[in-house]
Amino acid sequence: MTDKDSKDKGKTHEKKGPPTGAQDKIGQAFAPTIRELKFDLHLMSKSMTSIVGLGLFAFLLIVAAVPWLFVAPTGGLDPYVLPFDPYEPDPLPPGTNGHLFGSGRNGADIYYGIVWGARISMSFAIEVVLLAVVVGTVLGLISGYKGGVVDEVVMRVTDIFLSIPSLILVMAIAAALGKSLDSTKLALMAVWWAGYTRLIRGQVLSVRENTYIDAARASGSGEIKIMFRHVLPNSWPPMLVAATMDMGTVVLVMASLSFLGLGAPSGYSEWGKMVYDGQQYFYKGDWWMVVFPGMAILLFVMAFNLMGDGLRDVLDPKMRR
Amino acid sequence: MRAAGDPVTAYLQNPEKATDQQIEAIKHKYHLDEPNYIQYYYWLNGIVHGDWGISQMTKDPVLDTIAQKFPATFELAIVSTILAVSIGITVGTRAATKVNSPFDQGTRVISLVGVSIPVFWLAVILLAVFYYYLGWAPEPGRIDKQFDNVPTPTNFYLIDSVLNLNWEMFKNVVAHLVLPAVTLMFASTAIIIRIMRASMLEVLGSEYVRTARSKGLPEKVVIKKHARRNALIPTTTVVGLSFGGLLGGAVLTETIFLWNGMGRWSAEAALNLDTAGIMGFTMVTAIIYVLANLIVDILYAQLDPRVRLG
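Protein sequences, first through last, are from chains A and B.
Every letter in the first sequence is one number past the one before it in this note's numbering, and letter 38, counting from 1, is 446.
Every letter in the second sequence is one number past the one before it in this note's numbering, and letter 10, counting from 1, is 16.
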């Protein structure tokens with residue numbers, strides 16, 4: 409949001425006199441925000457890429473939220489384990505025997521894996537990115553706003569994390585924690601916050617020099633209030649873009665680690681592992697076990713990249729109006 | 007949480023049969039019985055003195071293995087970077103000079119796919135199509151078996167084949183390089199195209215480009231001498247940063263193309279919980295990453311006389 413907004417919000421609070429009802433009060437307080445949101449949505453609706461990205465994202469979100477509507481879970485304890493059929497030892501091509509996208513070894517249905525894999529990928533990405541955003545925001549905000557020793561310490565630790573390519577660092581940590589999807593998640597969580605810390609700090613450094621921050625301080629606002637009420641809302645747009653795109657990147661890293669053998673186990677509906685499981689058959693000509701899961705990863709990552717691009721166009725003040 | 011992979015096993019030839027006494031002796035010898043911060047001191051001391059520990063997987067010193075495998079990875083990374091930079095800059099410039107043309111739109115789609123595609127999936131598809139289905143590419147690996155007896159003093163096979171004046175070997179090495187290099191360059195190329203296009207667009211809208219045009223300079227000169235040189239500056243930063251991503255991608259690419267380099271070795275180390283091996287590889291990548299960014303900083307001064315190195 410722009411600084412104009414925060415001033416508008418202040419005005420509605422102070423000048424309009426006592427609010428008549430709770431609903432009215434909320435309506436007035438949020439009126440500028442809602443107007444801004446409508447404008448943002450209007451801008452987004454005009455860009456083709458963000459519409460495609462949003463559409464893809466909405467579709468993937470629905471699949472991830474209610475996978476059982478698309479294909480019923482297997483009777484087993486873990487719905488993410490691919491169906492097992494000992495009477496179907498060899499892979500079957502798409503369309504045969506009720507396998508829409510074909511099947512792998514022992515009747516492992518590819519369509520089932522794609523659908524439930526969407527749930528794994530989506531929840532994985534949301535958990536990792538959300539945690540990283542929260543940690544990164546708090547650290548970056550404190551580091552940039554306080555400066556001095558705090559800033560030095562936080563930024564040097566951040567530098568250590570950023571000086572090693574993320575895939576390699578995540579691989580090293582995940583390997584140390586043991587081979588499982590959960591340790592991959594932990595490893596990614598341990599690494600991912602650093603980028604956001606740097607991003608937010610950079611923003612905060614420029615935002616805190618604004619006159620409206622001085623004004624807030626002069627009017628007696630506390631440090632915490634200034635940080636979260638005035639500095640943060642004006643610092644977060646670039647991070648929102650980065651976080652959106654990272655949702656895809658995180659899934660790419662997860663799939664890569666599973667492919668290498670560090671993440672999900674064999675026969676799991678994780679797209680990277682499915683590509684790995686189908687690899688040997690693919691070289692002999694059975695393409696569906698590799699092509700469909702890979703396509704799913706590509707579309708998933710693409711959805712977030714398109715959305716991030718669209719968001720950037722909307723949130724970048726240079727591009728708008 | 008105790009990290010998996012007990013370091014003692016690295017120093018034992020036969021971990022199952024070792025007696026408690028032997029284990030204690032090794033723990034004492036390598037300071038594993040001391041507090042963590044003392045161990046850390048010994049570890050740091052070892053790193054700067056060239057003792058990077060013993061790989062649990064191969065029982066060899068980590069630094070020796072890295073020295074032996076590094077050229078393979080570096081050769082691949084350099085070839086990919088050269089490809090990515092030359093394609094990225096050419097295509098990015100062209101796209102910017104013809105904004106919204108079909109060429110520009112096509113470039114945008116390709117670069118979007120480039121940043122979204124999983125490296126391992128691309129590698130598997132390229133390998134299946136060009137080696138298994140069409141038979142155009144040589145089998146995975148760095149070189150054919152027939153050249154096993156040729157001496158390779160540097161382990162950079164391209165250089166070695168030139169040193170041996172062996173034209174057949176050179177052709178063979180290049181043929182083996184094509185698929186892994188193309189796989190590895192894909193993501194970097196996409197990023198370079200994007201940045202190059204964006205910064206070219208910005209520069210093309212600037213005053214000095216208008217001045218150059220109004221002086222009556224040919225468009226070719228304006229683009230090449232005035233615009234592109236300035237647009238190269240942000241691109242250089244990205245090339246430095248993407249070199250790190252390239253090393254990450256090398257782990258996957260090397261594993262699939264059976265490339266006998268650091269990346270593949272580190273993936274195996276990770277799977278075997280070979281702590282010293284993973285640490286060694288992480289150290290090397292961190293050093294290369296920092297060096298690549300240092301080179302970028304030095305290049306700035308070369309590209310932009312306004313930047314002075316102080």
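Heads up, some of the hints might be wrong.
To be verified - Across the chosen pairs, the derived CB separations fall in these ranges: (1) B:K104 <-> A:L648: 30 to 36 Å; (2) B:E225 <-> A:S674: 55 to 61 Å; (3) B:V296 <-> A:A626: 39 to 45 Å; (4) B:D303 <-> A:G630: 37 to 43 Å; (5) A:S453 <-> B:G52: 58 to 64 Å; (6) B:L169 <-> A:S531: 51 to 57 Å.
As the list claims (entries may be wrong) - Here are the simulated lysine-lysine pairs, DSSO-like style, with alpha carbons at most 27 Å apart: (7) A:K692 <-> B:K151; (8) B:K33 <-> B:K23; (9) A:K454 <-> B:K33.
Keep in mind the hints are simulated off the structure, nothing from the lab.
For every residue, glycine included, the Cβ atom is placed at its ideal position computed from N, Cα and C.
For the pair D303 (chain B) and G630 (chain A), does the Cβ-Cβ distance stay inside 37 to 43 Å? Hint holds: Cβ distance 41 Å, inside 37 to 43 Å.
Hey, K454 (chain A) versus K33 (chain B), does the alpha-carbon distance stay inside 27 Å? 66 Å, violated
Hinted pair K692 (chain A) and K151 (chain B), Cα distance within 27 Å
Given that 27 Å is the threshold and the Cα spacing comes to 23 Å, the pair holds.
Exercise. Lying within 55 to 61 Å: is that true of the beta-carbon distance E225 (chain B) to S674 (chain A)?
Worked result: 58 Å, holds
- Decide if the proposed pair is consistent with the structure: K33 (chain B) and K23 (chain B), CA atoms, cutoff 27 Å inclusive. Holds: K33 (chain B) and K23 (chain B) sit about 16 Å apart, inside 27 Å.
* Do the beta carbons of S453 (chain A) and G52 (chain B) sit within 58 to 64 Å of each other? -> Given about 60 Å between the Cβ atoms, the range holds.
| message | A range of 39 to 45 Å was offered for this pair. Does it hold for the Cβ distance of V296 (chain B) and A626 (chain A)? | response | 44 Å, holds
Is 51 to 57 Å right for how far apart the beta carbons of L169 (chain B) and S531 (chain A) are? 54 Å, holds
**Asked** Measuring from beta carbon to beta carbon, are K104 (chain B) and L648 (chain A) in 30 to 36 Å?
**Response** 32 Å, holds
Going down the numbered hints, you'll see the structure goes against just number 9.
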